[in-house]
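For the record, the sequence lines run as chains A and B. Residue numbers for the first sequence, in my numbering: 1 to 408. Residue numbers for the second sequence, in my numbering: 1 to 408.
FYI, nobody ran anything at the bench for these hints, they're computed from the structure. Where is the CB? At the ideal position from N, CA and C, for every residue including glycine. One or more hints might be untrue.
[Claimed, not checked] Stretch-level coverage of chain A by chain B, calculated; a stretch enters the list once three of its residues show a Cβ under 8 angstroms from a Cβ in chain B: (1) 16–22; (2) 29–43; (3) 49–59; (4) 82–88; (5) 327–340.
[Said to hold, decoys possible] The following label-pair restraints were derived from C-beta to C-beta distances: (6) 406/A - 108/B: 52 to 62 angstroms; (7) 337/B - 34/A: 46 to 56 angstroms; (8) 195/B - 124/A: 57 to 67 angstroms; (9) 329/B - 35/A: 42 to 52 angstroms; (10) 176/A - 329/B: 55 to 65 angstroms.
[What the hints assert, rightly or not] Cβ-to-Cβ under 7 angstroms is the rule here; a few derived chain B residues that face chain A: (11) 17; (12) 18; (13) 71; (14) 85; (15) 89.
2 protein chains.
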Amino acid sequence: MSKGLVVQKYGGSSVANVERIQKVAQRVVEYDKKGYDLVVVVSALGDTTDELITLADKINSAPSEREMDMLLSTGEQISVALLAMAIHKLGCEAISFTGSQVGIITDNSHTRAKIIKINVEKIKEELKKGRIVIVAGFQGVTLNQDITTLGRGGSDLTAVALAKELNAGACEIYTDVMGIYTTDPRIEPEARKIEEITYDEMLEMASLGAQVMQPRSIEVAKKFNVPLHVRSSFNKEKGTMIIKEVKKMEDVLISGITLNKNEAKITLCGVPDKPGIAVKLFGYLATSGVSVDMIVQNVSHTRSTDISFTVAKTDCAKAQKITRGVAKEIGANDVLVDEDIARVSIVGVGMKSHHGVAAKMFGILADNKINIEMISTSDISISCIIKKKDAETAVKKLHADFGLNKSR
Amino acid sequence: MSKGLVVQKYGGSSVANVERIQKVAQRVVEYDKKGYDLVVVVSALGDTTDELITLADKINSAPSEREMDMLLSTGEQISVALLAMAIHKLGCEAISFTGSQVGIITDNSHTRAKIIKINVEKIKEELKKGRIVIVAGFQGVTLNQDITTLGRGGSDLTAVALAKELNAGACEIYTDVMGIYTTDPRIEPEARKIEEITYDEMLEMASLGAQVMQPRSIEVAKKFNVPLHVRSSFNKEKGTMIIKEVKKMEDVLISGITLNKNEAKITLCGVPDKPGIAVKLFGYLATSGVSVDMIVQNVSHTRSTDISFTVAKTDCAKAQKITRGVAKEIGANDVLVDEDIARVSIVGVGMKSHHGVAAKMFGILADNKINIEMISTSDISISCIIKKKDAETAVKKLHADFGLNKSR
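Just chain A, same shape as in the assembly (with noise of 0.2 angstroms):
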């Protein structure tokens, strides 16, 4: 009798050479044995990808989406086909599928595809007789037959989605940390490891720069209320849970601290005050396919003034290209651009239910010193760009400020 399905996905880093392989096949094989049903969702071996992506650009610097995905898609199908073999030396059945064998049908978005269903009648078939089932992450397939690829930490979406629709008790998530961090460990060696935290901390965290999850498939997480484990693929400790709701002590009000050094801030100084400027400028940018992440815009006491915003760094000289377009159009006075920005961030959902959080991390900053150049809240997560050379300071002192040191 099988104590019930779990979907496990292995990123990169956790089958990056044969021994890491074979500690992998030894961890699903563990599983197996205790009674568990499972799926297992593999990566590309370690820097597969980005070896592929550099012969690729040494062929031909723009090349085809689609022919990319055709291209990139090896990468996992070369990591379960190992595993698959790993696990069989251990005397387990075993069975690899493409994400094109089980049917993850996709839209023909190519290198950023979106999962449209998934047929798991063949996944289902082989766990009834009584295999392991891997599965390429990171891929599906578009009606037509075209390979495509979920866009980058698509293996965590395929996990999600198989969980989702294989009614999954569990869904791990292995990877080369312990779990989700309270700030970056690296910045902060007394980040401590959440043990639980909700879809929505998580969501913010990770589109604020904590790099270990992909957003999107934190959404369909919370969107059809898949728990979450995120774990180290290296030893047996519990991890952290992402859920839908955490019991938290009264007086934790923030869960994180989050860092995003990859954004620059560029500003178009004097705007004349008159209305259909903001919607022509990023009108101009989203046609462009240039994200914009944070805006300001002061009220005006004059006739003019300035709209600043943040934009990925990769999309700052086409951003800047564009503004200064405006600028000319409308016959603004300058466009500035500065990269020595970062963004730090406060996460917690407990922000909600407690006034002056936002007060007391302007404090924090303003008491050691840091300028605050933009600022940007929403229900769980307070932002500012502040210099970069403050950067690791301000989240040292927010970090102990709010508690969230281990030794407290």
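Given chain A, work out where chain B should sit, using these hints.
Okay, now just chain B, sitting in the frame of chain A:
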């Protein structure tokens, strides 16, 4: 208006690195510009297949054949995507497909699958759109959607089968040599490139040791009368045409000389002279999957005789064990194994209508004091097993005395 369809196949050495892939793209585009419709079959980059086999071996020395196919098929998938990108870079339209995507349906004999049928509709559609169609060689798919491979050299088979199914005007096999030679140019610098050779001769040469083309693909080409052009991907010279019938000069007796050093000779000594022993021995060998090549049994004048046969060296240990078992069972004296042998063969349809070719061959070997250990003949070939140390001399002398040298 199209000038007709050409199927081109590029081997692993022709796409071993970025520069070579770009060269192949240039050649393909030249054909496209001349007005041909093009279907291009590609092997895995350079040593990719061997590297993947080594990787698998580290994980499981007896890997599942289904998983091996899953693993190895990625090699060709990488090649087709990269070649498509390289062609795009040159401004032409191209689209890549896996064997599965273009409907190369095989049986489920993993690692050595046979093609059952090909649904060429997808290819025809893409050709109609004016695109160059790039197909992953070596691979197919079962009706149950499992990925299969066609065995070593299977990309040749993919090309020939597609040429037949699409009724192509030409099937070009690009490789790292200039064509088929009268013998291995590394042994005999006087070896000449053959301009035309029949399927039968090529089959004989391929199965006797010439490694340019996979025998199965030549069989299929013969069966459906697909003319093959074996040529170099590094220059534009004409290579060797493999066709049904060749108009030869009267005095051309033989087309080529082959050498195979990968066989071992096993002799079962003192076999009681009664019926049923050969069938027992070769029956056991066959059911164990050992493929026996030459067999010689002397007519016996005493009550016992010797049976000698050759097998591939890789099967030698297995064959030896089986033969020792039989020896014990039937009360034979001994089993001798000789790995220091070589098979030298002369091939040519010309010998059909000429007497004395065998005698001439034996005479040449005798004149050079080369002892013949076994002899085997077919309609268009004669093979002799000799000591390995005499192999190169035998090839050179036969090549010269049968008038094959460049400088005649």
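How the hints compare with the structure:
no. : hint                              : verdict
1   : 16–22                             : holds (count 3)
2   : 29–43                             : violated (count 0)
3   : 49–59                             : holds (count 5)
4   : 82–88                             : holds (count 5)
5   : 327–340                           : violated (count 0)
6   : 406/A - 108/B: 52 to 62 angstroms : 57 angstroms, holds
7   : 337/B - 34/A: 46 to 56 angstroms  : 51 angstroms, holds
8   : 195/B - 124/A: 57 to 67 angstroms : 59 angstroms, holds
9   : 329/B - 35/A: 42 to 52 angstroms  : 49 angstroms, holds
10  : 176/A - 329/B: 55 to 65 angstroms : 59 angstroms, holds
11  : 17                                : 9 angstroms, violated
12  : 18                                : 5 angstroms, holds
13  : 71                                : 4 angstroms, holds
14  : 85                                : 4 angstroms, holds
15  : 89                                : 4 angstroms, holds
In this structure, the earlier hints numbered 2, 5, 11 are contradicted, and the remaining ones agree with it.
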